[in-house]
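Participant: Residue numbers (my numbering), protein chains in the order written: chain A, 1 to 310; chain B, 1001 to 1292; chain C, 2001 to 2397.
Hints listed in this document are in silico derivations from the structure and should not be mistaken for laboratory results.
Keep in mind that a hint or two might mislead.
Chain B side only, calculated, beta carbon under 7 Å to chain C, not exhaustive [claimed, not checked]:
| id | residue |
| --- | --- |
| 1 | 1006 |
| 2 | 1122 |
| 3 | 1128 |
| 4 | 1251 |
With a Cα cut of at most 30 Å, we get these calculated DSSO-like pairs of lysine-lysine [what the hints assert, rightly or not]:
| id | chain 1 | residue 1 | chain 2 | residue 2 |
| --- | --- | --- | --- | --- |
| 5 | B | 1115 | C | 2285 |
| 6 | A | 235 | B | 1081 |
| 7 | B | 1140 | C | 2184 |
| 8 | C | 2385 | C | 2184 |
Only a predicted model underlies this, so the values are computations on that prediction, with no experimental measurement involved.
The beta carbon of each residue, even a glycine, is placed where N, CA and C say it ideally should be.
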Amino acid sequence: MRILSKKNIITALLILLIYAVGEVMLRQGIIDSYIELNIMLIGINIILAVGLNLVTGITGQFSLGHAAFMAVGAYTSAIFTAKFGQSFIVAMVFSAIAAALAGVIIGIPTLRLKGDYLAIATLGFGEIIKIVALNIDYIGGARGFMDIPKYTNWTWLYFMVVLSIVVIKNFVDSRGGRACISISQDETAAEAMGINTTKYKILAFVIGAFFAGIAGALYANYFYFIKPDSFGYMKSIDILVIVVFGGMGSIAGSVVGAIVLSLISLFLQSIPELRMVVYAVILFLIMVYRPQGLLGKGEFKLKFLRKRVA
Amino acid sequence: MEQVLQQLINGISLGSIYALIALGYTMVYGIINLINFAHGDIYMIGAYIGFACTTFLGMGFIPALIVSMVSSAVLGVIVEKVAYKPIRKSTRIAALITAISVSLFLEYGMMYFVKPETRTFPEVLPSQNITLGNVIVNNKDIYIVIVTVVLMLVLQYIIHNTKTGMAMRATSMDSEAAKLMGISVDNTISATFALGSCLAGAAGVMVGVYYNSIDPLMGMMPGIKAFIAAVIGGIGIIPGAMFGGYLLGITETMVSAYGYSLYKDAVAFAILILMLLIKPKGLFGKNVREKV
Amino acid sequence: MMRKLSLVLAMVLVLSLFTGCGSQQAAAPAPTGNADESDKETIKVGLNYELSGNVATYGQGLTEGIELAVEEINSNNGVLGKQIELVKADNKSDNAEAANVATKLITRDKVVAILGPATSGNTKGAIPVATQHKVPLISASATADDVTVDSNGNVREFIFKTCFNDSFQGFIMANFAFEDLKLKNAAVLLDNTSDYSKGLAASFKERFESLGGTVVTEQAYQAKEKDFRAVLTNIKGANPDVLFLPGYYEEVGLIVKQARELGLNVPVLGGDGYDSPKLVELAGKEALNQVYFTNHYSSKDDSPEVVKFKEAFNAKYGKDPDAFNALGYDLAYFLADAIERAGEAEPLKIKDALAATKDFQGITGTLSVDEKHNPVKAITIIEMKDGVQTFLKKQQP
Chain A
1 MRILSKKNII TALLILLIYA VGEVMLRQGI IDSYIELNIM LIGINIILAV GLNLVTGITG
61 QFSLGHAAFM AVGAYTSAIF TAKFGQSFIV AMVFSAIAAA LAGVIIGIPT LRLKGDYLAI
121 ATLGFGEIIK IVALNIDYIG GARGFMDIPK YTNWTWLYFM VVLSIVVIKN FVDSRGGRAC
181 ISISQDETAA EAMGINTTKY KILAFVIGAF FAGIAGALYA NYFYFIKPDS FGYMKSIDIL
241 VIVVFGGMGS IAGSVVGAIV LSLISLFLQS IPELRMVVYA VILFLIMVYR PQGLLGKGEF
301 KLKFLRKRVA
Chain B
1001 MEQVLQQLIN GISLGSIYAL IALGYTMVYG IINLINFAHG DIYMIGAYIG FACTTFLGMG
1061 FIPALIVSMV SSAVLGVIVE KVAYKPIRKS TRIAALITAI SVSLFLEYGM MYFVKPETRT
1121 FPEVLPSQNI TLGNVIVNNK DIYIVIVTVV LMLVLQYIIH NTKTGMAMRA TSMDSEAAKL
1181 MGISVDNTIS ATFALGSCLA GAAGVMVGVY YNSIDPLMGM MPGIKAFIAA VIGGIGIIPG
1241 AMFGGYLLGI TETMVSAYGY SLYKDAVAFA ILILMLLIKP KGLFGKNVRE KV
Chain C
2001 MMRKLSLVLA MVLVLSLFTG CGSQQAAAPA PTGNADESDK ETIKVGLNYE LSGNVATYGQ
2061 GLTEGIELAV EEINSNNGVL GKQIELVKAD NKSDNAEAAN VATKLITRDK VVAILGPATS
2121 GNTKGAIPVA TQHKVPLISA SATADDVTVD SNGNVREFIF KTCFNDSFQG FIMANFAFED
2181 LKLKNAAVLL DNTSDYSKGL AASFKERFES LGGTVVTEQA YQAKEKDFRA VLTNIKGANP
2241 DVLFLPGYYE EVGLIVKQAR ELGLNVPVLG GDGYDSPKLV ELAGKEALNQ VYFTNHYSSK
2301 DDSPEVVKFK EAFNAKYGKD PDAFNALGYD LAYFLADAIE RAGEAEPLKI KDALAATKDF
2361 QGITGTLSVD EKHNPVKAIT IIEMKDGVQT FLKKQQP
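This is chain A alone, in the form it adopts within the complex (with noise of 0.2 Å):
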């Protein structure tokens, strides 16, 4: 697969057309402070998304934990920049660095657990990174870490998004994603085939919390204020809805199931006290009528590129 084929040119250029467009649009003002922040939210989500879906959808790992990874990317990137006064690009590379450790951290002992006993397993581990921020008084504590500085803006953002769904899908491509996707078919018919179950497993755990370690910088930069709350395992289950909303197993359809579901939130501002209430109901349906998400399992081709054979 040549790196300069027609294919990934053109895609490049449609990345970096719709990077332009936003960029000009923020900066005419035509998209204003509102829509700004709820893209912001997308992009997040979508990152979040993918890194998970990588995890439970691809590797078959169900994960109910992932919300502790932004946690500790927001956490990280937040000490970085408004405690030690660091650039955006080092706390970033801190914070994802730091994720990913506790990506392992994670990853190593529940490796031998399956199915249900790992999502709550997940959500324990989940829950304690939780509990310990709430009383780490440094970062705050209940009270929440203040005053972090707005480094995030949308060329962070999207060549954030880019990159994470680059990465991702060309991992999911390439020999390692192949092996994660065995894992999720039939573990015991992966490992007799000799393939090192326990690496890829690790390794997906990894790269999803990386990822989800950067978001949650994007997020702590953005938002000013960061508490431990808002990491709980609600969030978790709010991303974990996003990829079986999608697709488990489609990077598009995470993209897909990002973008819609936090626009549905958002209509769903209006009636504040049903709210929760039709979020469940639209999940349920989901989950009875189209359990394989809106995308199943099928990515965005760019068919119109192929030539046609003769």
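Since the structure of chain A is already known, use the hints to place chains B and C on it.
Facilitator: Same frame as chain A, but now just chains B and C:
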């Protein structure tokens, strides 16, 4: 020393609540392999039904308890038929998310109707203290333990000495074979849900009477803790759930007693993770090899 | 097929976001008659409250008070001759959503001021939005000191609060315990998940120790818990002669009840989070003896305004008001008063009028705004005897 005794008593009452809720979890999981996230919310609704009975209908403790247990059982069956039956053949993740959606629906639906503020129960069970030295035991503590033990004994009886119970055990072992033997799997599952929910409702009413405070989100944490208790004892094993409930209640109380009350939830989860790693079938579970 | 559909769906939704389809909500009385010119004939005020999520009780309580007040104001000819239109929004008890909601209220609904959120945490989330867009934001219950003042000690120009600072209430109670009640050994039981509680506890401890008292033990609980006997047993074992319990009534009621059941009969001190009729329901009358708390006012206050408020509240909602309802009520009147003085419903002018408030008469007391945008008002100490609030003393700042 007396403080330790007091804490032990505290732990036992707390444990009773976890045990009752855990019983329902373990039964349902044993039979359809589903973590019923909504179970904690049935406990909450049971509490509200008890509240309605005592406050608006002026019932006493035992009548309210019975009404709540019956209503919770009915609710449990409705939830099963409407929400869980359609997804019985789906993937585990779909089932789990469905359970989560039911849980959210119940929580926020209640919140919409009854408003998020806490409610209090009228004084249906006058409180008396028995003082043994410096240790104080409340008569409500005793009631809770008695009710829990009685309900568990009744449950054991039903499971081991009735046809329905036998059907439940058969279905949880192998539902296909059970069907072949003429057992109505659907009805058995409904019965399981009914029983489990009935117990959760009882726990709800008792919590309402004991602590005198209920709110729509009260089921979340106890629900998860009860699940942990069920895992500790061995999921699908009824005495295990009881044991797990008490163990968790006492451990939690002891953690607080040693000054780490802020970490008690973390400790509960840590115990869960340790159990899952070391003895995933629980303390009373049998080791079953995974067949390829 | 499905993939194309979902792509189209996503694009449609994104486009509608751009055109701002999802944003109209008004919750309160529309003006009669000039429906087309409603923008000019009404003054839009945004409500940014926790209407769902784990602190929904407080958000809803404040909203109820505000809506009652606005109803009254509107029936009395409104403000500057115009009706107030409330745009209500739910921040889901989440600070990012609080920022989102604040942005929507300002940029889409074009409100001239924002009331809320209820908790300090969520208010902190909305602060940068209000400051960036230069629209005043007032909270009636965000008690953290750093809500109105930033880390360098500078006041946040567009942020105001009408409630006491955490540091103030804790300070007063420490004085009260040591000097009035002459108690030297205190146990502190705080809510670790509430910055209000932690703030009060911290300032209490600092003041109490500086006066010469000793804090014999510090224990903590989490909001929404029901069983406190473990920590109470610990406290009992430490032998304090007073218990400082700065929490909200939902937990405090249960704690006091369980404390008395465990034989812990020392005086209990707290803050304005106690003020609710539910406290008596939860704790039971007998338990509420020797309980003292600081408050903005006394609901036993026989003054005509308070009585009128209680009656009006009961008439509209069918229940007795608690502190949050009262604070919300006053908050609305506070803002209305500022708008009147500003002479125009314009955010910058309102901001100046707010900062200049002197001796505003609310039912929760008379308040002026100081240079740090904190309220200067008298604090009342209430004693509970057999579950009945009795007024103990009032202290001017």
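Participant: Run every hint past the structure and note whether it holds.
Facilitator: Hints and how they fare:
Satisfaction of the interface hint for residue 1006 of chain B is found here, the shortest Cβ-Cβ separation to chain C being roughly 5 Å, below the 7 Å cut-off. The restraint placing residue 1122 of chain B at the interface with chain C is violated, with a minimum CB-CB distance near 9 Å, outside the 7 Å limit. Annotation: residue 1128 of chain B was flagged as interfacial toward chain C, and the flag is violated, the nearest CB pair being 10 Å apart, outside 7 Å. For residue 1251 of chain B, the suggested interface contact is broken, since its CB lies about 11 Å from the closest CB of chain C, more than 7 Å.
A C-alpha spacing of about 25 Å is found between residue 1115 of chain B and residue 2285 of chain C, which places the hinted pair at or below 30 Å, so the restraint holds. This hinted pair checks out: residue 235 of chain A and residue 1081 of chain B have alpha carbons roughly 28 Å apart, not beyond 30 Å. Annotation: proposed proximity of residue 1140 of chain B to residue 2184 of chain C is violated, straight-line Cα distance about 34 Å (limit 30 Å). Proximity of residue 2385 of chain C to residue 2184 of chain C is assessed by CA-CA distance (about 22 Å); at most 30 Å being required, the pair is judged to hold.
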